[in-house]
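Enquirer: Sequence:
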Amino acid sequence: YEMHDGIVELVLRTFSSAFPFVEIWDAGNGDIILLGSVQPWPSNAASYRRSFDIPGVRSDLAKIGISSPELLWARQMASQRTAFAIAGDGPVQSDLFPVLEYAAPRAFYIGVTAKSFQNYDERTRQVGLAPADKIAALKSLSPSETLALFVSFSTVNKELFDTLADRGEGANAPCVFQKRRPVVPEGPKETDSTLERAKAALNAGDLTQSAQLAALAVKENQTDPVAGYLMRIVERQQILTRQNVNQ
93 YEMHDGIVEL VLRTFSSAFP FVEIWDAGNG DIILLGSVQP WPSNAASYRR SFDIPGVRSD
153 LAKIGISSPE LLWARQMASQ RTAFAIAGDG PVQSDLFPVL EYAAPRAFYI GVTAKSFQNY
213 DERTRQVGLA PADKIAALKS LSPSETLALF VSFSTVNKEL FDTLADRGEG ANAPCVFQKR
273 RPVVPEGPKE TDSTLERAKA ALNAGDLTQS AQLAALAVKE NQTDPVAGYL MRIVERQQIL
333 TRQNVNQ
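If you read the sequence shown in the numbering used here, its first letter stands for residue 93, the second for the next number, and so on.
Straight line, CA to CA, 20 Å or less: simulated EDC-like cross-link-like pairs of lysine to aspartate or glutamate:
1) Lys155 / Asp145
2) Lys250 / Asp123
3) Lys271 / Asp254
4) Lys271 / Glu237
5) Lys311 / Glu327
6) Lys250 / Asp97
7) Lys155 / Asp123
8) Lys207 / Asp254
9) Lys250 / Glu101
10) Lys155 / Glu237
DEER-style ranges, computed between Cβ atoms:
11) Glu193 / Lys155: 31 to 41 Å
12) Gly297 / Ser109: 24 to 34 Å
13) Asn136 / Glu193: 34 to 44 Å
14) Ala137 / Lys271: 19 to 29 Å
15) Gly148 / Phe200: 31 to 41 Å
16) Asp181 / Phe144: 38 to 48 Å
17) Pro235 / Val191: 38 to 48 Å
18) Gly148 / Ala296: 35 to 45 Å
19) Thr315 / Gly203: 24 to 34 Å
20) Ala296 / Arg334: 11 to 21 Å
21) Asn136 / Arg334: 16 to 26 Å
Calculated directly from the structure, the hints in this document are not laboratory data. Quantities reported herein were computed from a predicted structural model and do not represent experimental measurements. Note that CB positions come from ideal geometry on N, CA and C, so glycine has one too.
Start from the sequences and build out the full structure, keeping to the hints where you can.
Expert: Structural data, given as structure tokens:
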């Protein structure tokens, strides 16, 4: 809140320049939490279950409506697979370029709110890029569980809130969670768009085809930031695959 999209992208870009492996978590009440490391770390159902085996952790999380590993995972907006790719190319914060010190107070005064990061939420618009085990875990949650978590304790993603509360402009936005009412079938979708085909190829493990389609999507949609975001994800997967082969 009281930050425009450019400031959020600047912070994400600067953070990712120091920590190539990043996760973004939804703390609710207009805040996000960035986790970063120079190396990937375990972030899956097993690691969250181990956290819940610690009594102190379990009791603290229960105070904010998180009573299971799946509900904890539901607070993750973007995994290590996608979070680093959100900001793209551009300036970073530094001692020689302290743009944040000037831009943040101005945004605070104007009272603007950043919204574009919602386009990269793996629980809504980027469900197809979330890890398969994450999708399965989040789909297992009941409507009453997610409603209590995100409506009672809030979420930074207004589209997600509107969808689960069944109100507002975002009520029919894409969502990985079960909804309280049956979803009204939508009209025909452009399921064979280049961007969607690139995502499907990536999820199928075909990095060659995914890279080709992602590059074509960037060419076709030069003003669409999601196309560039997908291209960066594919390029990272190619690098990680080559590193694993060479080990």
